[in-house]
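K.L.:
Residue numbers (my numbering), protein chains in the order written: chain A, 368 to 610; chain B, 368 to 610; chain C, 368 to 610; chain D, 368 to 610; chain E, 368 to 610; chain F, 368 to 610.
Since the hints were made in silico from the structure, they are not lab data.
Check before you lean on any hint, since a few could be wrong.
Just so you know, same-sequence chains aren't split out, so a pair can sit in one copy or run between any two.
[Unchecked claim] Below are the DSSO-like pairs computed for lysine-lysine, each with C-alpha atoms no more than 27 Å apart in a straight line:
{"#": "1", "residue 1": "478", "residue 2": "423"}
{"#": "2", "residue 1": "595", "residue 2": "424"}
{"#": "3", "residue 1": "568", "residue 2": "595"}
{"#": "4", "residue 1": "605", "residue 2": "595"}
{"#": "5", "residue 1": "424", "residue 2": "456"}
{"#": "6", "residue 1": "478", "residue 2": "424"}
{"#": "7", "residue 1": "478", "residue 2": "568"}
{"#": "8", "residue 1": "454", "residue 2": "568"}
Number of protein chains: 6
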Amino acid sequence: MTSDFTRADGRDLDQMRSVRITRGFTSNPAGSVLIEYGNTRVMCTASVEEGVPRFKKGSGEGWLTAEYSMLPAATHDRMPRESMRGKVKGRTHEISRLVGRALRAAVDLSKLGENTINIDCDVLQADGGTRTASITGAYVALADAIAVLQDAGVVPGQPLLPPVVAVSVGLVDGHVCLDLPYEEDSRAEVDLNVVMTEAGKFVEIQGTGEHGDFGREQLTEMLDVAEKGCRELVAAQKAALGV
Amino acid sequence: MTSDFTRADGRDLDQMRSVRITRGFTSNPAGSVLIEYGNTRVMCTASVEEGVPRFKKGSGEGWLTAEYSMLPAATHDRMPRESMRGKVKGRTHEISRLVGRALRAAVDLSKLGENTINIDCDVLQADGGTRTASITGAYVALADAIAVLQDAGVVPGQPLLPPVVAVSVGLVDGHVCLDLPYEEDSRAEVDLNVVMTEAGKFVEIQGTGEHGDFGREQLTEMLDVAEKGCRELVAAQKAALGV
Amino acid sequence: MTSDFTRADGRDLDQMRSVRITRGFTSNPAGSVLIEYGNTRVMCTASVEEGVPRFKKGSGEGWLTAEYSMLPAATHDRMPRESMRGKVKGRTHEISRLVGRALRAAVDLSKLGENTINIDCDVLQADGGTRTASITGAYVALADAIAVLQDAGVVPGQPLLPPVVAVSVGLVDGHVCLDLPYEEDSRAEVDLNVVMTEAGKFVEIQGTGEHGDFGREQLTEMLDVAEKGCRELVAAQKAALGV
Amino acid sequence: MTSDFTRADGRDLDQMRSVRITRGFTSNPAGSVLIEYGNTRVMCTASVEEGVPRFKKGSGEGWLTAEYSMLPAATHDRMPRESMRGKVKGRTHEISRLVGRALRAAVDLSKLGENTINIDCDVLQADGGTRTASITGAYVALADAIAVLQDAGVVPGQPLLPPVVAVSVGLVDGHVCLDLPYEEDSRAEVDLNVVMTEAGKFVEIQGTGEHGDFGREQLTEMLDVAEKGCRELVAAQKAALGV
Amino acid sequence: MTSDFTRADGRDLDQMRSVRITRGFTSNPAGSVLIEYGNTRVMCTASVEEGVPRFKKGSGEGWLTAEYSMLPAATHDRMPRESMRGKVKGRTHEISRLVGRALRAAVDLSKLGENTINIDCDVLQADGGTRTASITGAYVALADAIAVLQDAGVVPGQPLLPPVVAVSVGLVDGHVCLDLPYEEDSRAEVDLNVVMTEAGKFVEIQGTGEHGDFGREQLTEMLDVAEKGCRELVAAQKAALGV
Amino acid sequence: MTSDFTRADGRDLDQMRSVRITRGFTSNPAGSVLIEYGNTRVMCTASVEEGVPRFKKGSGEGWLTAEYSMLPAATHDRMPRESMRGKVKGRTHEISRLVGRALRAAVDLSKLGENTINIDCDVLQADGGTRTASITGAYVALADAIAVLQDAGVVPGQPLLPPVVAVSVGLVDGHVCLDLPYEEDSRAEVDLNVVMTEAGKFVEIQGTGEHGDFGREQLTEMLDVAEKGCRELVAAQKAALGV
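Can you make the complete structure from the sequences, with help from the hints?
P.N.:
In structure tokens, the structure reads:
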């Protein structure tokens, strides 16, 4: 833990990469957002469909589900397309489920009517943090999609809950670093993804000692840094939404 | 065939939609292009991989293959993701094969060494003509990828052949129209896709009487209009490539 | 383009292989035909099923769909069975879709009631032209199946439209040749498949420069030869049907 | 068990349907046979491939494997194609395995060299007894394929063992009937398939009480009748092979 | 066939391995049994579900279906998990179908109401005879599940029929041996599986000459020995059920 | 958070269910353990295979991978078998990956030689906590498998690292509860799974606000309780292993 540790891109340890949120990135889905955390670029869309899955039928409530995917050329070395392999990788499933849980924390399903919102997060360019960028971007797409439903008079109330954002923190060479790019992520001792509400509450935390374990103090330090990042991400979402 | 036929977007019958080609759209693949034919937007990438498929091993020649796909939210109504369905639709297969054949006409495989170029065409937004835009955009991505190989000294000669482009023409309410958007495409009597070289030769023509058949004169008229569009597309490619 | 070009089987350049059509080849489906273009032999059946796919429900119209497949031992070297591989090849999908489009041009769906006709084209022996033989043979099976429906009083009118046939033409060593066997097909510079009505109108044309491109004059010449072949195929269909 | 029981097609209880064996049914595979048990028609081919599966590599021995399949229109009501469903039905697997075991009893793998024989049995028309006809027909195709290997000097010895045949017997309305067509098979109390060598030894017996169980005496009676049928099938094979 | 043949585990030729049946092995399914034939251990469950498959809808009758599977570490060398391979092996299908047929002979579907019983046989440890142990154990699970239905007043009558059991017999070095463990099974000349009712009637017999064929006398001898084993298995079932 | 909150099974809030670990549960794999957390019962095996996956070839290091699965009748309502559905559920993938990461923290791959350890966790009976029980049980199976490798002289050093265990904690009606059974798990506001080493360090933490979010103090309280449970689980592992 020498004092001369510097990050490849020159950022401070607790500094986010530059975050850009572009609304209306495409025009067909009700909400369509391009989010960028540095070089990581994810297209997040929210599409509305009438009706709900079988297990929700007749409940009077809505549903939200999410799918995450990498374009084959998003990564440094091209990866085979999952549709051609005929099956979805475990990692893809895992992240799709995470995004779905996170976004369900941002919507009051009881106010959505029996409608389903499909979140799609397609990574155009990957440089670490694709799952966290997906969540932060999908919230903005969700907000836009719900506004469309409200404008159309489909939902009378306000199903949208306050912002939900996500960021990664890691222990790299013993230093707690915020928002890891691929180069840091791949050699981090510990990788922690935090999904947080505007109020600073956790929706999900997933910490993994990829190359080593970690103690309570390190967890505390990582959560502090994550919280700082999340506050900034909420601000970026609000600026993008103009609220 | 009344004289008062007008196109929804006000174009002349033989007028292309606005074509935009953005090189370097993403940074990981050797070639990465966003191509737009009006509202149709396709990300075309060319990734280079050492080695060739089994049937080319030891030939001293390279190979080029292509995959086409629609993002689920690219269309007006969201379509299920093929990776989740576990199988690729016939339409996807058909277009992937067309793109591959078209681009193989733009590369001299014997000068590529035993390397494989993977073309990926991912439709971000669909409004008709996604297969033709894919071909035109992929040529530019291919050119950039081959330049990378040349700069790296991997290929000594010039494997890139002159431009290959593609456009659709259709018979709509009895009128030959160039470059159909979705609205026209879905009600066209005849749909013709033409893949052409800079020299005005055909690489592929596919004409289908979706709601009616067509005669020799109509074919001739459609090919004339397609040729006009193709000349403009070659110009757009060259402008983008700065050649 | 020397004058001493001869075809391996001694045919004239614009001569069809011997065409044989055997109706009632099997007894379970409403229409069952064995069609032979020389050594290419395809079993074409038309099966009638009550009801239509979801997207046609309530339309009062019928539907027609087609599936093409090669038996594993149909080719010179045995090919793995697609059912065992668990997925259908792109080529199979592409041809199935072509056959379906071609045959839908031979039936007035609005006169079929809400019934579905399933066309199955199973190649028993392959020697080039399997997709074109499939279309020509399937028309005869379709005619027989519609006659069954009429005899049963299920369809009051005449859903059957005039003959639809298909043939391949190619550019082999610079010569336009009709109805290519495998040996010619595999080395042809250009391969053109033409689906035509009795009236000489195109239902579909698909021309591919597999090893080279082609110009307008060559296209014209190829279409002339294809038209000659198609006229003969219509005659063969009519002879088989006794009309 | 009234004495007035008659079979729908007028046969004696212990009488086979008419058996026809056509060699050289198609020309690409080394052996190709059309076998008919009455209205049941199966195309049986034997294709030779150099090399053996991994578990046989280096053994100096050959291998034989078999695949059985129904064409979709072979049955009275069309059945979905397994390649399109993306999976093979249990029944298909079961019969493929049975045919493989039966035919391996007809070949001395140690005299085959490291070659694989692929047996394909594709049912063109189904009227009961498709698995037994497959086995009987495949033996003839196997004999032809081995003759090809011998003529080519690939196998010095005689890998072909004496004939293997198969027939079904059933208990229908309490009567032991030989070679059940579909109508009898579907209502039989007991269904027994017997695979037998020329010497009258069993290679496989599979008896199932579909709608009832059966005792030792009934088994004995059924085996007697099966043995009669098998003798006749061996004679038919030998006649077809001219030995 | 020397007189000094001894079995690896010292059993008499016609002696079963030790059979243990543990009811209530798990608590969620209506019937749950662990059955052991020596070292072979199978968990057999019977789960009840309201409703029947489509082909039984409206019949007033119930249905019974079965699935057999090996845990990956059940065998000496771990086998890949079928769910991960994405397809079920032919052997698995074949045994699942056998178990289903056998158990349907133990239930009067007409007295079950429109309910479905799902039999699951999961092999925890494999040492030969897994399919036969599955059948014998599943009967006990079925009995328990039907008792639950009766206690709940769902079925007024008695759908359970008398015991069905299964055992393997084989010809090992020319000796007829009962209940083969893996070591004997893998080198047996003939393998015969017999499914029998309490009354000594056959539900199913499947005899295979894996490395040789067999004659009528050998079949008779094998059936005699199988019958002895089956009587003992029925006694074990009844002891377990306390009837 | 009334003081009268009681758990359905009468446990204290920070009390584990009864934990039982049975070594040598089956005999084929190198390590085989049945672990029970109350009514949750998981069979955990560790199988050793020579060689490593491609990405580890030539590294001199070993690999460990894990697969988790539910038997269909493990749950209250039977669930369809993943092998029959032809695809693995996201939840299964997610847990398999978690178990793999957790167990890789318990083995020094550099001391394993180029061998692969396959962990299989098959849930026989599910009552909440199946993923945490899988991890705790798999460690014991891993220890036994490594001992086998050491006894065989395959690994000279000690690849086994100190114990790794896992437990769930949840917020139920506002109370922090240890080791949730299904009934509590399904209605918990927050669900936290903790994987911990003997030294009290985290290998992985996954906290999800299923029906609500949670703050830093609640996280701290949950981690305290989890730590208590983990200490007891390590003691149970050591008792089982006799160390």
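K.L.:
Next, verify each hint and record whether it holds.
P.N.:
Going down the list of hints, with the structure as the test:
Taking the shortest Cα distances, residue 478 and residue 423 sit within 27 Å of each other inside one copy (14 Å), while across copies they are farther apart (34 Å). In this assembly of identical chains, the alpha carbons of residue 595 and residue 424 never lie at most 27 Å apart, being 40 Å within a copy and 42 Å across copies at closest. With identical chains, the CA atoms of residue 568 and residue 595 are at most 27 Å apart both within one copy (13 Å) and between copies (25 Å). Taking the shortest alpha-carbon separations for residue 605 and residue 595, only the intra-copy value of 16 Å comes in at or below 27 Å, while the best inter-copy value is 41 Å.
Only between protomers do residue 424 and residue 456 lie at most 27 Å apart by alpha-carbon distance; the minimum there is 22 Å, versus 29 Å within a single protomer. Taking the shortest Cα distances, residue 478 and residue 424 sit within 27 Å of each other inside one copy (15 Å), while across copies they are farther apart (33 Å). For the homomeric pair residue 478 and residue 568, the shortest alpha-carbon distance inside one copy (22 Å) is at most 27 Å, but the shortest distance between copies (42 Å) is not. Proximity of residue 454 to residue 568 under the C-alpha cut-off of 27 Å is found in neither arrangement, the shortest distances being 35 Å within a copy and 35 Å between copies.
Hints 2, 8 from the earlier list are contradicted by this structure; the remaining hints agree with it.
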